[in-house]
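A.B. asks: The chain contents come next:
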Amino acid sequence: MLLRRRLMGFFSWQLLGVLFAAPGPARTAQAEEARAAVRAALEQEATAPSVPPVFPSRSRKETDPSRMAREQSAASANGAAAAAKSEAAARSAQGAAASAAKNANADSHAAAGQERADEARKKPHGPGKNPQNPPGPAR
Amino acid sequence: MKVAGFLTLVCLSSGVLGAGEDHLLAGAQLFRERRFQEAYVEFMVASRLGAGGDAAWYAAATLVKLQRPEDALEAFAAAERAAPSAADPLLDYYRALACYDVRLFLCADALLDGVGDRTGPRIGAQARKMRADIAALLSSAPSVDSIDWYHSRGEDARKGGRNALAALYYREASALAARRPDRHRQAEARASLSGLRKELAP
Numbered sequence: 001m002l003l004r005r006r007l008m009g010f011f012s013w014q015l016l017g018v019l020f021a022a023p024g025p026a027r028t029a030q031a032e033e034a035r036a037a038v039r040a041a042l043e044q045e046a047t048a049p050s051v052p053p054v055f056p057s058r059s060r061k062e063t064d065p066s067r068m069a070r071e072q073s074a075a076s077a078n079g080a081a082a083a084a085k086s087e088a089a090a091r092s093a094q095g096a097a098a099s100a101a102k103n104a105n106a107d108s109h110a111a112a113g114q115e116r117a118d119e120a121r122k123k124p125h126g127p128g129k130n131p132q133n134p135p136g137p138a139r
Numbered sequence: 140m141k142v143a144g145f146l147t148l149v150c151l152s153s154g155v156l157g158a159g160e161d162h163l164l165a166g167a168q169l170f171r172e173r174r175f176q177e178a179y180v181e182f183m184v185a186s187r188l189g190a191g192g193d194a195a196w197y198a199a200a201t202l203v204k205l206q207r208p209e210d211a212l213e214a215f216a217a218a219e220r221a222a223p224s225a226a227d228p229l230l231d232y233y234r235a236l237a238c239y240d241v242r243l244f245l246c247a248d249a250l251l252d253g254v255g256d257r258t259g260p261r262i263g264a265q266a267r268k269m270r271a272d273i274a275a276l277l278s279s280a281p282s283v284d285s286i287d288w289y290h291s292r293g294e295d296a297r298k299g300g301r302n303a304l305a306a307l308y309y310r311e312a313s314a315l316a317a318r319r320p321d322r323h324r325q326a327e328a329r330a331s332l333s334g335l336r337k338e339l340a341p
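So the sequences go chain by chain: U and W. The opening position of the first sequence corresponds to residue 1 in our numbering, with each subsequent residue numbered one higher. The opening position of the second sequence corresponds to residue 140 in our numbering, with each subsequent residue numbered one higher.
Pulled out of the complex, with its shape left as it was, chain U reads as follows (with noise of 0.2 Å):
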């Protein structure tokens, strides 16, 4: 009778644990969405390798291809800073450009207004008063 009770308390104990340890629908959803996450990141990063294949020889300095590929990886990453610095720089030069020739505008505008403002100066004010075209004969 003790052996049969202690037999049954067991039991019910182990089903509760298996109840209970078994993954919910909650768990196995969150596991889901954790492995799609994983997987559009894997997806999203899965580039294509930048050099072409080519067999390798003792004779050349190529011995750890680890470091190989960290070679190719740093160069290609120099390239694409290279370039990046180099499209900042094109970018900074054409929007210095820009200032520039805004600036060229304006001074030659501002040019172009002193030389009419000095020219106005310069010219005698009223009628007959210009010495290159003098006036006309009384009428």
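Possibly wrong hints are sitting among the right ones.
[Claimed, not checked] Pair ranges (Cβ atoms, derived):
id: 1; chain 1: U; residue 1: T28; chain 2: W; residue 2: E327; range: 47 to 55 Å
id: 2; chain 1: U; residue 1: A26; chain 2: W; residue 2: E177; range: 26 to 34 Å
id: 3; chain 1: U; residue 1: V51; chain 2: W; residue 2: A330; range: 27 to 35 Å
id: 4; chain 1: W; residue 1: E172; chain 2: U; residue 2: E33; range: 17 to 25 Å
id: 5; chain 1: U; residue 1: Q44; chain 2: W; residue 2: R187; range: 21 to 29 Å
Bear in mind the hints are in silico, worked out from the structure with no lab data behind them. A virtual CB, placed ideally from N, CA and C, is assigned to each residue, including glycine.
On the provided structure of chain U, position chain W as indicated by the hints.
C.D. replies: Okay, now just chain W, sitting in the frame of chain U:
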């Protein structure tokens, strides 16, 4: 007393399982942000916390992005031993990249053959391009010097206790030797492979 102990155990185990998935999510986010070193740590933690066998595959794929192709190939082999069912075409694509990076072109080609278009059109196109490039390379017989290089790498890997990697180098050496009329060192490569298989067998 027993009840309290039992519940503590259940709570702890469920928390640990949930934490594993949290680390997978964190790893995915970091991977997307190209913070591969940190992503690798997250995937390794997820793997240790029992977030499923695929966490080890993700960690191996991250090693490819970290420009550690030899480590990646060892990690892929270990992940395959632990959870063979977690393999899929996307992970095979990463594994093929690792093979390609260490000049295991036949290894890469075999994996890419299985990738096809099952990973989407973009990756499918990349895989086709890689296969075409490899086919062009293999249209000429490999030199003796190249085959010697694979033997040398295999020996180094074996000495370093990286038997799975060594087996890949010897397999490549053997397959490339078969493309030459003189079968340069093919028997040697096969003998090395045979020895490694015995060591790799459980």
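A.B. asks: Which of the listed hints are not met by the structure?
C.D. replies: Violated: none.
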